[in-house]
Amino acid sequence: MASTTAVLRAEPIQLPRRFLAMLPGIGLLTIVGLAGKALEKSIATYTKAHHLVVPNIEYVLWAILIGLLISNTVGVAEVFKPGIATYEFWLKTGIVLLGARFLLADVLKLGAVSLTLVLIELILSIGFMTLLGRIFKLSPKLTSLLAVGSSICGVSAIIATRGAIEADDEDSSFAIAAILALGALALFTFPPIGHWLGMSDRVYGLWAGTGVDNTAEAVAAGALYSDAAAKIAVLAKTTRNAMIGFVVLGYALYWAARDGRQAVGNKAAFLWQKFPKFVLGFLLISLLASLSIFNKDQVNSLANLSRWAFLLTFAGVGLRINFKEMKKQGIRPFIVGALGEVVIAAITLGLVLGASKLVRL
Amino acid sequence: MANQVTQEKSQRGLSLDGWAVAIALLLAALVKLGALKHVGW
Chain A
9 MASTTAVLRA EPIQLPRRFL AMLPGIGLLT IVGLAGKALE KSIATYTKAH
59 HLVVPNIEYV LWAILIGLLI SNTVGVAEVF KPGIATYEFW LKTGIVLLGA
109 RFLLADVLKL GAVSLTLVLI ELILSIGFMT LLGRIFKLSP KLTSLLAVGS
159 SICGVSAIIA TRGAIEADDE DSSFAIAAIL ALGALALFTF PPIGHWLGMS
209 DRVYGLWAGT GVDNTAEAVA AGALYSDAAA KIAVLAKTTR NAMIGFVVLG
259 YALYWAARDG RQAVGNKAAF LWQKFPKFVL GFLLISLLAS LSIFNKDQVN
309 SLANLSRWAF LLTFAGVGLR INFKEMKKQG IRPFIVGALG EVVIAAITLG
359 LVLGASKLVR L
Chain F
271 MANQVTQEKS QRGLSLDGWA VAIALLLAAL VKLGALKHVG W
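In order, the protein sequence lines correspond to chains A and F. Quick note: the first sequence uses my numbering, first residue 9, plus one each step. Quick note: the second sequence uses my numbering, first residue 271, plus one each step.
In isolation and in its complexed conformation, chain A is listed as follows (with noise of 0.2 Å):
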């Protein structure tokens, strides 16, 4: 993480040699990715062939155990990591090209649904992170960094607090490291919990979009349980994503407020700068498709190329998890982000089948 963070702080160079430098990173994105996808393809083969039942292990599955395995073995070259670093690009742009799949109408129903479960995550997820650092002792700072982390979008809304609320990097490493571990850990327990208690591909979508902090966690926890959870899983955490300026506003008034600083000036503006922009996107293209612009063949390979976007992202949730490096930032972290997520995942677990009694999913 912290090479990763250094290569985003260099000093500007020309782009033909920042995409030069990324090349062999995304190479190697590229190669584990269909890896992954010939895994699974050649385990489905051989088992068919040899008349075993075996549960399917899904490519997403595969690409991120390559990386992870890479990434804690031989470990990343220096010269991938810029390339490694584009993910996020990937991940967005392939969530702004689902957009293809939605009818507006279905995000405007199930998005009022998500915002309405994410406004009660929200409020109980950062209440019960900052009682848990108060008990835990932890820095009030990086209380309000894990708060954040856990109640939106993990990595993303950390670093926009950093710098909103001046947290030192210390504390801004900590929550980082405690939200990417606990969104690894999320992979492996969300599908078959999900299984186990029969949810439907819409309501664990809405679990998974509302439950798993960061972006790219939650869209792979949507895709390890099917297509169709990915879908929803990305719209319920497209919905928190937009909600990341309010929340990065309080806790910067509240902050300027306690270390006597002055306030954010125009808020409006504020609020502008810190709105993810891709969901604008994935709206537009939502929209043309709901306005019939494209036609069945062509949303089909809008959809293929959101999931090949998506192909590189799942490399890079792996190749970025390097276990030894989050051991060196102390247990306590951990600890109180492990707790949040348990009671934070029981409780969007208990919204979302709540709600699938009320509203018809």
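These aren't lab readings, by the way, just hints derived from the structure by calculation. Everything numeric in this text was worked out from a predicted model, so none of it was measured. In this text, a Cβ means the ideal position worked out from N, Cα and C, and glycines have one as well. Careful, some of the hints might be misleading.
[Unchecked claim] Calculated lysine-lysine pairs in the DSS-like style (CA-CA distance at most 25 Å, straight line): (1) A:LYS336 / A:LYS145; (2) A:LYS49 / F:LYS307; (3) A:LYS89 / A:LYS304; (4) A:LYS304 / F:LYS302.
[Unchecked claim] Derived CB-CB ranges, DEER-like: (5) F:LYS302 / A:LYS117: 22 to 30 Å; (6) A:VAL350 / F:TRP311: 29 to 37 Å; (7) F:LEU284 / A:ILE201: 35 to 43 Å; (8) A:LEU116 / F:LEU300: 23 to 31 Å; (9) F:HIS308 / A:LEU42: 18 to 26 Å; (10) A:ASN80 / F:TRP311: 34 to 42 Å; (11) F:LYS302 / A:PHE27: 23 to 31 Å; (12) F:LEU284 / A:ALA43: 30 to 38 Å; (13) A:GLY171 / F:HIS308: 40 to 48 Å; (14) F:TRP311 / A:ASP267: 49 to 57 Å; (15) A:ARG340 / F:LEU284: 38 to 46 Å; (16) F:TRP311 / A:ALA57: 16 to 24 Å; (17) F:LEU284 / A:TYR54: 40 to 48 Å.
With chain A fixed as given, assemble chain F onto it according to the hints.
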């Protein structure tokens, strides 16, 4: 991370989100115009 890149926007033009939207729209236009057909998976 996204917002860290966003903060560099003024130095480099488009933000990460801006690039993602621009590339996605470009791909959508290519699909619409028939330059990209039957993308498989």
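Handout entry: TYR54 (chain A) and LEU284 (chain F) - C-beta distance against the hinted 40 to 48 Å
Key = holds, 45 Å
Practice task
Please test the hint of 49 to 57 Å on the beta carbon pair from TRP311 (chain F) and ASP267 (chain A).
Solution key: Once the Cβ atoms are compared, 51 Å apart, the range 49 to 57 Å for ASP267 (chain A) and TRP311 (chain F) holds.
Practice task
Indicate whether the distance between the beta carbons of VAL350 (chain A) and TRP311 (chain F) respects the range 29 to 37 Å.
Solution key: Check passed, 35 Å falls within 29 to 37 Å.
Handout entry: TRP311 (chain F) paired with ALA57 (chain A), Cβ distance criterion 16 to 24 Å
Key = For ALA57 (chain A) against TRP311 (chain F), whose Cβ atoms are near 22 Å apart, the range 16 to 24 Å holds.
Practice task
Can you let me know if the beta-carbon spacing of LYS302 (chain F) and LYS117 (chain A) is within 22 to 30 Å?
Solution key: Given a distance of about 26 Å, which is inside 22 to 30 Å, the answer is holds.
Practice task
Measure nothing beyond the straight line between the CA atoms of LYS89 (chain A) and LYS304 (chain A); if it is 25 Å or shorter, mark the hint as holding.
Solution key: Since the Cα atoms of LYS89 (chain A) and LYS304 (chain A) sit roughly 38 Å apart, the hinted pair is violated (cutoff 25 Å).
Handout entry: Whether the CB-CB distance between HIS308 (chain F) and LEU42 (chain A) falls inside 18 to 26 Å
Key = holds, 19 Å
Exercise for the section: Could you check the hint for me, namely that GLY171 (chain A) and HIS308 (chain F) are 40 to 48 Å apart, CB to CB? Expected result: For HIS308 (chain F) against GLY171 (chain A), whose Cβ atoms are near 45 Å apart, the range 40 to 48 Å holds.
Practice task
Given the range 34 to 42 Å, decide if the beta-carbon distance of ASN80 (chain A) to TRP311 (chain F) lies inside it.
Solution key: With a Cβ separation near 29 Å, ASN80 (chain A) and TRP311 (chain F) fall outside 34 to 42 Å, so the hint is violated.
Practice task
May I ask you to test the hint 38 to 46 Å on the CB atoms belonging to ARG340 (chain A) and LEU284 (chain F)?
Solution key: holds, 39 Å
Handout entry: Satisfaction of the hinted span 23 to 31 Å by the C-beta atoms belonging to LEU116 (chain A) and LEU300 (chain F)
Key = The hinted range 23 to 31 Å holds for LEU116 (chain A) and LEU300 (chain F), with Cβ atoms some 28 Å apart.
Handout entry: Distance restraint hint 30 to 38 Å, applied to the beta-carbon atoms of LEU284 (chain F) and ALA43 (chain A)
Key = holds, 31 Å
Of the hints listed earlier, those the structure fails to meet are numbers 3, 10, in rising order.
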